[in-house]
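Engineer: Here is what each chain is made of, one letter per residue.
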Amino acid sequence: MFHLIEAFGIALRMIVSGDTVVFSIALRTLLIASASTLAATLLFVPLGCLIHFNSFRGKRLATGFIQTMYSVPTVFVGMLVFLMISRTGPLGGMGILFSPWAIILGEIVLIFPIITGLTISALQGTGKGLEDTAIALGASRRTMVLKVLTEARYTMFTSVLMGFGRALSEVGVAIMVGGNIAGHTRTLTTAIALGVGKGETASSIALGLILLFLAMMVSIMVNLLQHGGNR
Amino acid sequence: MRKSLVLAVLALILAGCGEESMPVQTGEVGSVMEEATEVGAVEPMARVERLRVATTTSLYDTGLWGYLEPMFEDMYDVELDVLYAGTGKALDWGMRGDVDVITVHSRAREELFVSEGYGPERVPFAYNYFLIVGPADDPAGISGMSPEEAFSVLMENGEAVFVSRGDDSGTHGKERSIWTAAGYDYETEVRTAGAWYVEGGSGMGPTLVMANEMQGYTLSDIGTYLAYQGDLDLVPVVDQGDALLNVYSVLQVGASRNPELSAALVEFLTSSEVQQLIGDYGVEAYGMQLFTPCAGQNIQVAEECSI
Numbered sequence: 473m474f475h476l477i478e479a480f481g482i483a484l485r486m487i488v489s490g491d492t493v494v495f496s497i498a499l500r501t502l503l504i505a506s507a508s509t510l511a512a513t514l515l516f517v518p519l520g521c522l523i524h525f526n527s528f529r530g531k532r533l534a535t536g537f538i539q540t541m542y543s544v545p546t547v548f549v550g551m552l553v554f555l556m557i558s559r560t561g562p563l564g565g566m567g568i569l570f571s572p573w574a575i576i577l578g579e580i581v582l583i584f585p586i587i588t589g590l591t592i593s594a595l596q597g598t599g600k601g602l603e604d605t606a607i608a609l610g611a612s613r614r615t616m617v618l619k620v621l622t623e624a625r626y627t628m629f630t631s632v633l634m635g636f637g638r639a640l641s642e643v644g645v646a647i648m649v650g651g652n653i654a655g656h657t658r659t660l661t662t663a664i665a666l667g668v669g670k671g672e673t674a675s676s677i678a679l680g681l682i683l684l685f686l687a688m689m690v691s692i693m694v695n696l697l698q699h700g701g702n703r
Numbered sequence: 004m005r006k007s008l009v010l011a012v013l014a015l016i017l018a019g020c021g022e023e024s025m026p027v028q029t030g031e032v033g034s035v036m037e038e039a040t041e042v043g044a045v046e047p048m049a050r051v052e053r054l055r056v057a058t059t060t061s062l063y064d065t066g067l068w069g070y071l072e073p074m075f076e077d078m079y080d081v082e083l084d085v086l087y088a089g090t091g092k093a094l095d096w097g098m099r100g101d102v103d104v105i106t107v108h109s110r111a112r113e114e115l116f117v118s119e120g121y122g123p124e125r126v127p128f129a130y131n132y133f134l135i136v137g138p139a140d141d142p143a144g145i146s147g148m149s150p151e152e153a154f155s156v157l158m159e160n161g162e163a164v165f166v167s168r169g170d171d172s173g174t175h176g177k178e179r180s181i182w183t184a185a186g187y188d189y190e191t192e193v194r195t196a197g198a199w200y201v202e203g204g205s206g207m208g209p210t211l212v213m214a215n216e217m218q219g220y221t222l223s224d225i226g227t228y229l230a231y232q233g234d235l236d237l238v239p240v241v242d243q244g245d246a247l248l249n250v251y252s253v254l255q256v257g258a259s260r261n262p263e264l265s266a267a268l269v270e271f272l273t274s275s276e277v278q279q280l281i282g283d284y285g286v287e288a289y290g291m292q293l294f295t296p297c298a299g300q301n302i303q304v305a306e307e308c309s310i
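Here the protein sequences come in this chain order: A and B. All you need for this note's numbering is the position in the first sequence, starting with 1, plus 472. All you need for this note's numbering is the position in the second sequence, starting with 1, plus 3.
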């Protein structure tokens, strides 16, 4: 118990004094999660919109499938991406395995269902009534779409934040395709996994506290946005 | 107010990605991702050459690679990416061409790697010994026995916990060969022996921590045991026997995209200067040698005795 309290004290000191290794790992984690979230947002928010605003065969099936994929295990995505980008795999020519780009790619795949699915939910959340009323009042389809997007903007941004939170805190993809290389692909989660195994309690706690702080910031923002949307 | 918050967050994300995407243009992964301590040495946009070495966990957990890495990087002006994994996984990465050089410790599998054409040769560069470590009160009473006898007693005892690496690593391979020598079939008799036989599935360090938590026995290389000793209550109980010899080799991967640097790394590890450093590594911290350098020496005889 004393050991734990002591380690906690050292961890706090590491954070307060701005330990360079701890903070460079935190910064790297933020950059990787931000890059994957940005790419996923640019790709999958429009995809969610396309699915919502268009009627096609199998729309409900597609939506249902995407939404059941929210809980896809990170190690499964890690394994899949590893097999794709290993040099013997179909995307091996890119040569990005064991680099930050591999983690970014893996996290894009990981949060694809969350961002697409939650975007669809957000748009559905405005209710069919809004769309019908807009059309009934003589609005063009374009105006109706804009109206729905404006109405759903806070919930849509929440979906992006949820994706960011998942990318930030996942460990399976980062360790399998990143390889936890010091100074290159080591993220908060993989550093903690290694640190606990090595008995480096203090630095693991410091990294854990930073990760917890970041995850809580995401949750707080989600909350704020939901209030914004409800007002 | 709310809008500005959203904008601020977006700006933050975009800013992050702007920095993030810089290295893309260079075609290589850039230095934005380096630890702060290394940043000074490299221009932010510089094209950095990278070499990947996959190492068995024991050479990583003891800190040996962390110690040698900056020397090689300075000497050849290259970023060395050290990936740790069990011998099985490290060799698999090599077969896939995902790494350039491998440092592992399982002679039979290394020879298979070479004979199947994945690499030119196997170069032994250091050795040490395995230990069976366990609780100080030695509940199974195996202290001082040969490794084979000790395993037989553990099997008959059926209560004292033994934590196996269970991860297809070099150490796991060694453990299996000792079970075989003791007269047990690993798959049908050992793995199914009961709750006392625990397959941990992690690296050497975490396995030692696990054995310590369970107050059980485990087979460990001496280097990792010494590196973790401060956090453990476990003591060496069996440390004599030919079966315990542990030889580390370096293998160049044939499919490496950088054959010159791969060859340079093999040369680096086997050079007399680095051999000296490997021999001295840890002596001050642990009061004894972790690795005995052996590049170019004939340890064939000793190895044959051990298998």
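Hint data in this document are derived by calculation from the structure and do not stem from the laboratory. What you are looking at is a predicted structure, and each value in this text was computed from that prediction instead of being measured. Among the hints, a few may not be true.
Unchecked claim - Derived list of chain B stretches under chain A, where covered just means 3 residues or more per stretch with a C-beta under 8 Å from a C-beta of chain A:
#1 80-86
#2 147-156
#3 198-212
As the list claims (entries may be wrong) - Quick partial rundown of chain A residues pointing at chain B, CB under 7 Å, derived from the structure:
#4 MET556
#5 SER558
#6 THR560
#7 GLY565
#8 GLY669
#9 THR673
Ideal Cβ positions, reconstructed from N, Cα and C, are used throughout, including at glycine.
Engineer: Work down the list of hints and note, for each, if the structure agrees.
Structural biologist: We went through each hint and held it up to the structure:
{"no.": "1", "hint": "80-86", "in the structure": "holds (count 4)"}
{"no.": "2", "hint": "147-156", "in the structure": "violated (count 0)"}
{"no.": "3", "hint": "198-212", "in the structure": "holds (count 5)"}
{"no.": "4", "hint": "MET556", "in the structure": "violated (12 Å)"}
{"no.": "5", "hint": "SER558", "in the structure": "holds (5 Å)"}
{"no.": "6", "hint": "THR560", "in the structure": "holds (5 Å)"}
{"no.": "7", "hint": "GLY565", "in the structure": "violated (11 Å)"}
{"no.": "8", "hint": "GLY669", "in the structure": "holds (4 Å)"}
{"no.": "9", "hint": "THR673", "in the structure": "violated (9 Å)"}
The structure is inconsistent with the numbered hints 2, 4, 7 and 9, although it conforms to all the rest.
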